[in-house]
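Engineer: First to last, the sequence lines map onto chains A and B. Take the first sequence: its letter number 280 is residue 280 in the numbering used here, and every next letter is one higher. Take the second sequence: its letter number 235 is residue 235 in the numbering used here, and every next letter is one higher.
Since the hints were made in silico from the structure, they are not lab data. Treat the numbers as computed from the prediction; the structure is a model and nothing was measured. Among the hints, a few may not be true.
Residues on chain A that point at chain B, a partial pick, calculated with CB under 8 Å [what the hints assert, rightly or not]:
1) R166
2) A169
3) A170
4) R172
5) A173
6) Q176
7) D177
8) V180
9) G182
10) L183
11) V184
12) G185
13) I186
14) D187
Far from chain A, by Cβ distances over 12 Å, these chain B residues were calculated [what the hints assert, rightly or not]:
15) E7
16) G21
17) S23
18) T25
19) L61
20) D63
21) R69
22) E118
23) T133
24) P166
25) E170
26) V179
27) E182
28) T221
29) R222
30) T226
Here a beta-carbon is modelled for each residue, glycine too, at the ideal position from N, C-alpha and C.
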Amino acid sequence: MTWVNVVVQGVLLGGFYALLACGLSIMFGVMRIINLAHGDLAVLGAYLVWLLLAHLAVPPYVALVLVLPVMLAAGFILQVGILDRSLRSGVLTPLLSTFGLSVVIQNLLLIAFSPDVRSLGGSAGDFATASLRLSADLSVPVLGLAILATAVVIIGGLQLYLAGTRGGAAWRAASQDAEVAGLVGIDARTVYATATAVAVAIAAIGGVFLAIRSTFDPLSGPTQLIFAFEAVVIGGLGSVRGTLIGGIALGVAQAVGAQINPQYAVLAGHVVFLAVLVARRSAA
Amino acid sequence: MTLLRVESLEARHGLLAAVRGVSLTLDAGETLALVGANGAGKTTLLRTIAGAHAAASGRVLLDGADVTRLPSHRRVGLGIALVPEGRRLFPGLTVEENLRVAGTRARPGRWNLETLLEAFPLLRPLRRQPAGTLSGGQQQVAAIARALMSNPRVLLLDEVSLGLAPRAVEDVYASLAQVLGEGATILLVEQDLGRALNVASRVVCMLEGRTVLEGSSRELTRERVTEAYFGLRRAGAKA
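Bound-form chain A, shown alone:
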C-alpha cells in the first residue's frame, strides 16, 4: 500500500508540474520560444494575488480570478512589445530577452516585496490542508486533487481547442509556417500574442497554487522553471497533451525517489529527465 500511496502522491505532484509547464509548452509549441521568465511570471502572479489579499477580504481563488485579466494583458504586451521584435532577430534573441525579463522581474519583486518568504496557504483556509481518507493507509490531499483537476481541465480544454476548432488550427498553422499563415489570411502576430497571453495567465494559476501549497519569494521562479522545463521535455517539446504526461512522470519519479531516500526526490526527477533525453537521442 505504501507504494500505491507514493504513486498517488506523485501523480498529484505531477498535476502541479503539468500546470506550471503548460504555458511553457504553449510558447514553445506555437512560437518556438523557450521562455526563461516563465517561472518568474508564475511567481509574479502569486505576488499579485498576495497584494490583492492584503487589501481585499476574499479567498485566493477569487483574487486569482481578478489577477487573470491582468496577466492576460501582460502576456499580450510582452509578446507585442518584446518577443515579436526578438523573433525577427533569430532564435537566440528571444532566449536572451526572456532571460533579461527574468532578471528584471526578480529584482522588481525584491524591491517591491523584500526577500521575505511568503505563503498563501493561510489565506486558503482548510482547503490547503484538508485530505480525503480513502483507506487506513491511503489519503489524498484535497488541494492536490484540485490542482490535478485544474491541470486536466486546462490542458484538456487547450487540446480540444487546438484539435477541434478553426482558431486552434490557425494556432497550429502559424506555428508551422508563419509566412504562409499570413498568405492564407491568418494574422500570425495576433495568434502569437494570444498564445503568450494564455501562457502567462496559466503560469499565474500555477504560481498561485505554488504559493498555496508551499512558500514563495522573489527568487522562486528559476527553480519552478527547471521543473516545468523537465516536464515539457519529458512529455515531448511543444506537445500540450504530452506536458500532462511529462508532469506526472516527473512527479511520480520525485515521489518514488523521496520514498527511497528523501534526499533523492529532486535527483530522481533529473535522472528521469536525462534518461528521456538519452532515449530520444538513441531513437533518433
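With chain A's structure known, arrange chain B on it following the hints.
Structural biologist: Only chain B this time, still in chain A's reference frame:
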C-alpha cells in the same frame, strides 16, 4: 477593367535588387503568365504583390486601392491570394484543416469547403489525411484549393508544375482549367513556355528583375519569348 496594377515596383533581397521598376496591369478575368529564367525576379514579384515580401518602392493597387503597405493577411481579405512556390501546405494539418484555416478572411463567393471538394474530387478521400503525407501533385491541387477558399479576386500562382511528375502536372492543370473556366483573374508564373502560352491570354517575360517583353499569347511566338527569356532580345516593347 484593370483589377491589379503594379507601378514601378522594386523589391530587394538585402543589397540585391530582385525586382527593378516593374509595372504591369491585370484586367478582371484575364490570365497573365509571367515567364523568365531562374533568378529573373518572378517569385519575388509575386510575393511582393501578395505582401510576403516588402516593396522597396513603387505601388501595388487592387481595384484602385493602394495595398502596398498592407500585411499579407489583410491583402487576403481584400482579394489577393498566392499559391506559393513549393506548395507549402501546413504539413501537420489535415487537408480539410488546411482549407478551413484559409477561410479565416474569406470574402463572399462561390468557394467554400464543400464546393471545393466538389470541384477537386481527388481531395475528398484525402480530407482527413495530414497534408504532409500527400504526393506532390495532390499537395499542389490542395494548395490551389486552399488559395481559393478566400474567394480571391486575383489568384497568384507560383510555379505550380515545379518538381511534379508529368502526370501530376496534367492533374494540376486539369484542376486549374476548372478555375480558369470560372473567369478567374490569374497571374501565373510558369517555367514551361508552351504551357504558359497555352493557358494565358497575355505573357510578360522578365529578365534580371525587369520586364523585357510583353504581349498577347496569340501574337507572341515561342521563339520570340525564348529570345527574351535568355536576354537575346531586349525589346522591352509590347508585341
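Engineer: Which earlier hints turn out false for this structure, listed by number in ascending order?
Structural biologist: none
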